[in-house]
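*Asks:* Start from the sequences and build out the full structure, keeping to the hints where you can.
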Amino acid sequence: MEERIWHQHYDQGVPTSLEYPDLALGDLLTKAVDRYPDRPAIRFMGSEMNYRQLGEAVDRFSAALQGLGVVKGDRVSVFMANCPQTVIAYEAIWRIGGVAVPSNPLYTAAEFAHQAADSGSKVVICLSMMYDRVLTALPGTELEHIVVTNIKEYFPPILKVLFTLVKEKSGGHRADLSGEPRAVWMRDLMAAARPGPEPVSVRTDDLAVLMYTGGTTGVPKGVELSHRNLMANCRQLQAVSPGLREAEEIMISALPLTHSYAMTVCMNHSIDRGYLQVIVPDARDIKGLLETIHKERATLLPGVPALYSALGNHPGVIAGKYDLTSVAQCVSGAAGLAPEVQRRFEELTGGKVVEGYGLSEASPVTHVNPLGGGRNGTIGVPMPDTDAIIVDEDAEATLMAPGERGVLCVRGPQVMAGYWNQPEETADTLRVHDDGHTWLHTGDVAVMSEDGFFTIVDRKKDMILAAGGLNVYPREVEDVLYEHPAVREAGVIGVPIGSTDQRVKAFVVVDSEMPVEAQELIDFCRERLARFKVPKHVEFLDELPKTFVGKILRRELAAAELLREQQES
Amino acid sequence: MSSDRPRPRFIPPADVLPRPAPGEEPIVWFEMPGGLQVGLRPIHPDDRQALMEGFQALSEESRYHRFLSPMPRLSDRQARYLTELDQIDHFAWGIGIRGDAGAIEGIGVARYVRDTADRTTAEVAVVITDPYHGLGLGTLAVQALAVVAATRGIEVLTGYLLGDNKPMVRIFQGMGATFTHAGPGLVRAEAVLQDDAPGTLGEEACAELIRVAGRASHPSAPRSDDPDQRG
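As you go down the protein sequences, you meet chains G and W in turn.
For the first sequence, the working numbering begins at 272 and goes up steadily by one.
For the second sequence, the working numbering begins at 11 and goes up steadily by one.
Treat the hints as calculated values from the structure; they're not laboratory data.
Hints may contain errors.
Only pairs whose alpha carbons sit at most 27 angstroms apart, straight line, appear in this in silico DSSO-like list of lysine-lysine [said to hold, decoys possible]:
hint	chain 1	residue 1	chain 2	residue 2
1	G	Lys-807	G	Lys-817
2	W	Lys-176	G	Lys-817
3	W	Lys-176	G	Lys-822
4	G	Lys-431	G	Lys-558
5	G	Lys-558	G	Lys-423
6	G	Lys-566	G	Lys-438
Anything over 10 angstroms on all C-beta distances counts as not near chain W; from chain G, calculated [as the list claims (entries may be wrong)]:
hint	residue
7	Gly-284
8	Ser-449
9	Lys-623
Quick caveat: nothing in here was measured; it's all calculated off a predicted structure.
Don't be surprised by glycine CBs; every beta carbon is placed ideally from N, CA and C.
*Replies:* See below:
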């Protein structure tokens, strides 16, 4: 690409432009199997699978999916927590030209139903603990088959027995598929399947993933990511970390693989380079994660600020119980990385923690700090082949000078084709500028320094950053509150906790003739929203702050909340 | 507000067909570039029911743009606030079309409410029902509103707009507005009313708008449909 001001900051050996081979995502795995058949590919709760075994499982499962009638272009929902079956599911879908539709494992039946219905998914692959939610969601979707797997399938034998005895029932992992002709166990399906699929020609421009994300106003849209988009992002990531050793690194996959970040940065990146992926089922189990890093001698730990903060502040770490010095590189995304968190984690590991930036519409990574000369508080510089500009916040049409704030726009091989069945939203987000190029308007407000470092200063999207880097759109929560018969008005905001995260708080006006307790509204939300979206607090008001013409201003709620907190402290 | 787009054509009262019945509430008619005829008249308390029904007919998106909230119902209190206007500090044009049976059917509302702290400033809100988006009705409504506002000593019109509400952003841009950030996804537009405002609609249309708006604010001008006022 043409020279850009930020290229001067690239680490030595990092090219400004790359060659992208004509490979689909399935080819990346095939290549890894050919080159490193005996290298470990996945480790999970102590059990291990090498690349040959992973390849065989994927071959068999893709044949099984073909047996269910999945053909090229069909959408297949992946409603899974992190486990080996998640990797097998994605790879099998891609192998036969299917389109994976990931759903966050915390989603309720209603949230899953929306994504399954909107995408027109034909098959869902889910964990047994999601089975009830899938059944509830079935009406209104086009789902023809439910492929169910128990998280214990790939546990080592002893752990599997213990899990069956102790945790399976209480944890909601037991599912009874009898009486539902559409449901089948993944294990049975694979046992009965041919060893490999009928060959399908998958081109790099074919659609690989529909990744659902909220828009400016929180209505979820399916981001269309092609094989080329996702493969390119892997290669860009590799290019900015020239020191990583092929087939040597040990990656921790703790962030949800149903999110674009972990899908690319942890899973696809690992498979492309023959790394070992250590899959962590629940990143909130900080002690378990620390033990895993310590035991596995993990070298790569992609995360979010809240995770690094929780790891760094764990009593066991403070007491020196865990050796984290194997960790060489951490890319932090999703929210601003506080300097003290970064410093603390770098001290603990001796490795590098760099802040990056991305969004699902860009597969997702567009910016990252150079390992050699990063700048704290910034998202770094655009990756190879990635161009970025800042345009004015109003019409998003005028180029802003360095130092001036505006909307960040990016373009590059990782940028999506559009939103699924949403031509208007697509046209609004992917815009052709006067320079003749199509730019992705990120909706984030940023500033570029004179020498090409970018800093996010605000979001155009109204979004709450819940713990763990998960996004909550106030509108989604308000929609649910308004479903309650007593609620007349509702406003939802994020109240800051610590330096980066926010907790969800709702302000409501209720019908004076229908008294309701805060807890009842919280419970009401809990039944309808994923846990991280449920308000932690509900406050009752006589009226919400409004403008003269009656527009509800959440910012006034947030300002009042901040003022009150300051007064109380 | 200079624009090369075709403008709505004012229909002088003498040319309005069918002719209004004697004593009927005056309506200011325009013909849009596509041929649709729309009428503007001040909103009054009798419009409460129609306003509530109109609210229900809006798409979620339109409702969200109007109230910055996904509220599914308009409360009685809100509906009263939006229809019981003093016609000076709080004024609204109801926008209607002639339905099949000849009755006027409401398709939008444009209002201003004067700022209590700064009496030369008023906030604007416009809502048009979804089937009539993209026809230029929002622009017409804001212009008609600006004409009335100017006669009431209002010099600046403001609006809280979601960034993705492109039509309203463009309308304010057309008035030379400045925009300031007003929270995530939200901008506050501020447009100083220009002296040449009548030029865009035509002097004749402005005079008629001012006359009809003034009539609504004048208590001695009875409305034929108000039983308490009827002779």
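*Asks:* Are the hints correct? Go through all of them and say.
*Replies:* Comparing the hints with the structure gives:
1. Lys-807/G - Lys-817/G: Holds. Lys-807/G to Lys-817/G sits at ~24 angstroms (cutoff 27 angstroms).
2. Lys-176/W - Lys-817/G: 22 angstroms, holds
3. Lys-176/W - Lys-822/G: 17 angstroms, holds
4. Lys-431/G - Lys-558/G: OK: Lys-431/G and Lys-558/G at ~20 angstroms, within 27 angstroms.
5. Lys-558/G - Lys-423/G: 20 angstroms, holds
6. Lys-566/G - Lys-438/G: Given that 27 angstroms is the threshold and the Cα spacing comes to 24 angstroms, the pair holds.
7. Gly-284: It holds; Gly-284/G is separated from chain W by about 39 angstroms at its closest Cβ, greater than 10 angstroms.
8. Ser-449: Holds: least Cβ distance 40 angstroms, greater than 10 angstroms.
9. Lys-623: 31 angstroms, holds
Against the hints set out earlier in the document, no violation occurs for any number.
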